[in-house]
Amino acid sequence: MKFRSLIKMGVVFAVGFVLHLLIKVGFINGYYDHILTKICMFIIAAVSLNLINGICGQFSIGHAGFMAVGAYTAAIFTKNPDLFIPAAIAGMPRFFIALAIGGSVAAFVGFLVGLPTLRLRGDYLAITTLGFGEIIRVLLLNWKFVGGASGYFGIKPYANFLSVYILAVITVVVLSNFIASSYGRACIAIREDEVAAETMGINTTKYKIIAFVLAAFFAGIAGGIYAHLMQAIMPRDFSFLVSIDILLMVVLGGLGSTSGSIVAAIFLTIVTESLRRFQSLRVIIYSLVLIFIMIFRPQGLLGNQEFSTPMLKEKIRLLFNRTKSGKGHTSTEGTE
Amino acid sequence: MTLGQQILQQLINGISLGSVYALIALGYTMVYGIIRLINFAHGEVFMIGAFVGYFIITLFKLPFILALIFAMIFCALLGIFMERLAYKPLRDAPRIAALMTAVGLSIFFQNLMVYLKWIGASPKAFPRVIEITRFEVIENVYLTSDKILTLGVALVLMLALQYVVHKTKMGKAMRAVSQDKDAAQLMGINVDSTISFTFALGSALAAAGGILYAVSYGKIIYNMGTMPGLKAFVSAVLGGIGSIPGAVAGGMLLGITENAVSAAGMSMLRDAVAFAILILILLIKPTGIFGKNTREKV
Amino acid sequence: MPVLETTDLTIRFGGLTAVLDLNIYLEAGELVGLIGPNGAGKTTVFNMLTGVYKPSAGTINFCGETLCSAQHAMLPSLISMKGIARTFQNIRLFKELSVLDNVKIAFHQHVKYSLATSFFHTGRYAAEEKEIEKKAIELLQLFDLDNKQNEQAKNLPYGEQRRLEIARALATNPKLLLLDEPAASMNPQETQNLMELIRFIREKFDLTILLIEHDMSLVMGVCERIYVLDYGKVIAQGTPAEIRANPKVIEAYLGGENIA
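Chains as they are written, first to last, in the numbering used here: chain P, 1 to 336; chain X, 1 to 298; chain D, 1 to 260.
Hints listed in this document are in silico derivations from the structure and should not be mistaken for laboratory results. Any given hint could be a false lead.
Capping the alpha-carbon separation at 30 Å, the derived lysine-lysine pairs in DSS-like fashion look like this [stated by the list, open to error]: (1) D:K148 to D:K134; (2) X:K285 to P:K206; (3) P:K206 to D:K130; (4) P:K206 to D:K134; (5) D:K112 to P:K8; (6) P:K206 to D:K154; (7) P:K8 to D:K130.
Here the structure is a predicted model, which means the values were calculated and not measured.
The task is simple: from the sequences and hints, build the whole structure.
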């Protein structure tokens, strides 16, 4: 068991290192470097949204709002050398501190938004997070210090592939660990049956808020990365549509599956980049995909379980049986 | 202009805006009452209603009242279509699935508008359907003709709704289904058609709201439904979601508050006000003004 | 001092008074039955005792502490931590999760490692998780469910789901266990086994038990004392023999179920 996870970690670091080398020697050009970094950023965003929507069973659609908070906060700290952090700390260390501050501010905002909403049962979180995302956008449009509608420019490109890759790995490890722990099980219990969870001694409001604040924190980090990747941010970068993109990653990967979110984040970021010229058509397709998945395969395109070697073996075995016997019976999925 | 006159003037403006919110909120509240779903695409029905009205007036040169009626019929059908295709298959699915579908529909309709060449992303001027004249109600307090139109149409529709819900067989079925779907079914009520009817009713009201909004603001755009939709939802929660008089009261209250904030010189914050109200109401009285305390059966 | 004592406990839903002036007590180690016709308000009593419903009036005292009164009401989660656990009439397992996870979740309130530890799996994490798993499996063994620990809860047969619910409730380490129709739709043999199981867990876990049941053979067989509820009011109480002979009880049940 220990040995397996060591191997897994080894593979993860080897992949990162190899990609980093390929970028350094110029085998991967600037454009693909940019996309790879963006993929890692979206992995952070998707895996964190999965925590609240997939694991905890709540419905947040304002993830881009928390990214905006993180992005602007982090950018303010790297752009203003005298602000709060001593000017002596510059370059990458300053970037990481700014990210941590951005994430923390987003988490705090998440706490403020979640506190009144999450103690209620029902769908209030959806509308509150939607409203929150819109309000953040309106406030940023009117805030002259960060450029208002024209945007906040001249942010230093600290977010290189290697650093963002490492951040993505840390995010995935931390959140997977959380999900596997007793605290994560408490969140899953809330998703399964809130009343039963409550009578088992789980303070449902508390754990919903913990999950929500954690998700907001990592969304803030993702936002901070975005700012230092694009070097310019404007309020419309964090519109509702971005929240929907991330939501689709979570849904496509299977609600509750961290590895599914990762795979879907990689896939959808690439698709989004290649359809960049057809913005409204892309969104139409995405929304239809979202609707069709919900109607026909609510457990997500890839199923709601984690990717693992036994699971893949099982799938292959089932596939093999299906072709042999002609009838496809899948016992490990189909959780309607 | 005295303070009293100013307050009265803002009250009139607020009620006019609030009646539009109320019309949209009615759809939210009825649909929520009957299938416990926040229909995120409701704001888009409002937008489509305005566009249908626009095309009927500009292309077919029909009078305002016919445009209103056609738009309402069109959106009623759209509502039924939406319910049958997207929500009905999910009636027994986890709630999050229906919510996501609703969000998907909302995004879909908005971007469909942008994608259609003859609509696009830029705003269109809504034709002037009524000569704007000002009447001085009392000294320094004015009522404009477009506000009278908005208030008049909204009032007629609300009275009509009241009649439908309380005096017709379909209305009785709606109330029964919202109480207990299974029991209503056993009493021989056709639950499916009742739900469809509720969507049709709510969507028609949203369409009317969309046209009235367009008349007041003079322009329409693909994303015009987002903010009014959000605010109408806040109105519905404020009044007590599921309650029809609550939706009307909530809409009025929100319209008045928003106008008061603008009048106080903080128009930048008027969109944030609705959100603040939502948070406050959820903190203090989540069931809203007219809401009943319902508990989950355990 | 009784483990549990209610004073004038009342709850109204709109115009309907579901439970009126309920005064019941349970001494430590007692096994008490709560019976009554359908709709008498039995499950509503459980919902008040576990904090799921907030009573309209009256107080609940548990081990010398006030769980709820006119001034305040504890959250269900806190009441669970104080030591009241329950099962549900309509079985509320975490259906999509494994049998083992269902029990592990109930251990959550006793977890000592911190939230920060859960992020990095440092310190006590591994040891404590191992301990939880061990305890959970031990519990499942008692209920003869350990061979099904990796199955999804929803795939278990009905009787096993009921047993799993009891196992899950015990994992919270309660002093008082509330069982809501544990024998519902069990056959006589299963009911017999359940009776023995209830007696056994009471000894082993040093429990006080309050149970709602329609199966009179079970109630009369295991309970030391019985309360009879009708239209939200206690109409009779006493030993099984006394209850059997009480004309009021017979009247309440007349045309309904067969007593004894």
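Do the hints match the structure? See the list:
no.: 1; hint: D:K148 to D:K134; result: holds, 15 Å
no.: 2; hint: X:K285 to P:K206; result: holds, 20 Å
no.: 3; hint: P:K206 to D:K130; result: holds, 25 Å
no.: 4; hint: P:K206 to D:K134; result: holds, 27 Å
no.: 5; hint: D:K112 to P:K8; result: holds, 29 Å
no.: 6; hint: P:K206 to D:K154; result: holds, 27 Å
no.: 7; hint: P:K8 to D:K130; result: holds, 22 Å
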